[in-house]
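Peer 1: Listed below, chain by chain, are the residues.
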Amino acid sequence: MSNPVIGQRGFAKIPRWLFWSLLTIVLWGTWGLVSKVASAGMDAYVNQLLYTTGLVPLMIFVAWTVRRQHSSEPRRVRAQGIFWAFLTGILGGVGNIFFFEALVKGGKASVVAPVTALFPMITVLLALVFLKERLGRLQWSGLALAFVAIYLLSK
Amino acid sequence: MHLWLSFAVLALVLWGITGVTQKLSTNCISSERSFLWFSWAMIALSGAVLFVAHPHWGLGRLVVLCSIAGGALNGLGAWTSFRALESGGKASIVISLVSLYPLLTVALAVLLLRERLNLAQTFGAITAIAAAILLSMEAQQQPEG
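These protein sequences, in sequence, are chains A and B.
When we follow the working numbering, the leftmost residue of the first sequence carries the number 1, and every step to the right adds one.
When we follow the working numbering, the leftmost residue of the second sequence carries the number 1, and every step to the right adds one.
Hints are not guaranteed to be accurate.
Stated by the list, open to error - Mimicking DMTMM-like on lysine to aspartate or glutamate, the simulated pairs with C-alpha atoms at most 20 Å apart in a straight line are: (1) Lys-90/B / Glu-73/A; (2) Lys-23/B / Asp-43/A; (3) Lys-105/A / Glu-86/B; (4) Lys-13/A / Glu-86/B; (5) Lys-155/A / Glu-115/B.
The set of hints was computed from the structure by calculation and includes no laboratory data.
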């Protein structure tokens, strides 16, 4: 692989993409844990408010990196992109509130996290219906397994 | 059906819809700009929550820190996943790999929060992670005609 490697000064040499992927697992995996701890002492709405506060430093960083980018897309296309991004934020935020509510109502982090991680099943179904995307055999198997998983986790 | 499960499924449905809306957005604008507008929407939603929901305050320091850390961890996770894709990782591999994150949540919750899963839930967690990986794999190209 032609990717540069992380390895320097004795670190194991791993491809950059693998390093970033593993870091993502650590960040998202820990998010489930800290959300459960937070849910023990606050309601889902306050949790969402403070969660958004945590997003702000990254937002400033991204805004700083984007400021010199020249957007070449036509105004109408840009407006559509902004609309969908904004809608993603609203749906994602309301989804967060439900996630926090599941934890507040007694759901274990070790159960709620795997259930909510099945969200690609909805994306896949919507893409099938509205975007006319085709599913491979693996994705159909994934869909079937997702229903089995929800049944087992609800026990 | 447990009340917590109903909320978890609602979260799953809404996050699932964002998979499509996010794709529609990044078809039109860059992922960075998409993230910025996504964040503005989160801030707008927080403003609405503040006025509509009358949230209860008076919180412990630990829970406040955990909640703020939650936002930072989730946002950074989204950013590092983009970096993984930009660093040459194949989407099918990177997305399948990061789908393993609930495994870490389960391990941490069992170790640190002393949560216990029964046998069905243990199989359920394993099945869910397998399902998430399979769902994240790109659909194979179907032959025309």
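Peer 1: Look at each hint and say if it fits the structure.
Peer 2: Consistency of the hints with the structure:
About 26 Å separates the Cα atoms of Lys-90/B and Glu-73/A, which puts this hinted pair outside 20 Å; it is violated. At roughly 31 Å between alpha-carbon atoms, Lys-23/B and Asp-43/A are farther apart than 20 Å, so this suggested pair is violated. Proposed proximity of Lys-105/A and Glu-86/B is contradicted: the alpha carbons are some 39 Å apart, above 20 Å. Restraint check: the Cα-Cα separation between Lys-13/A and Glu-86/B comes to about 19 Å, which is no more than 20 Å; the hinted pair holds.
Distance restraint check for Lys-155/A and Glu-115/B: the Cα-Cα separation of roughly 15 Å lies within the 20 Å cut-off, and the hinted pair is therefore satisfied.
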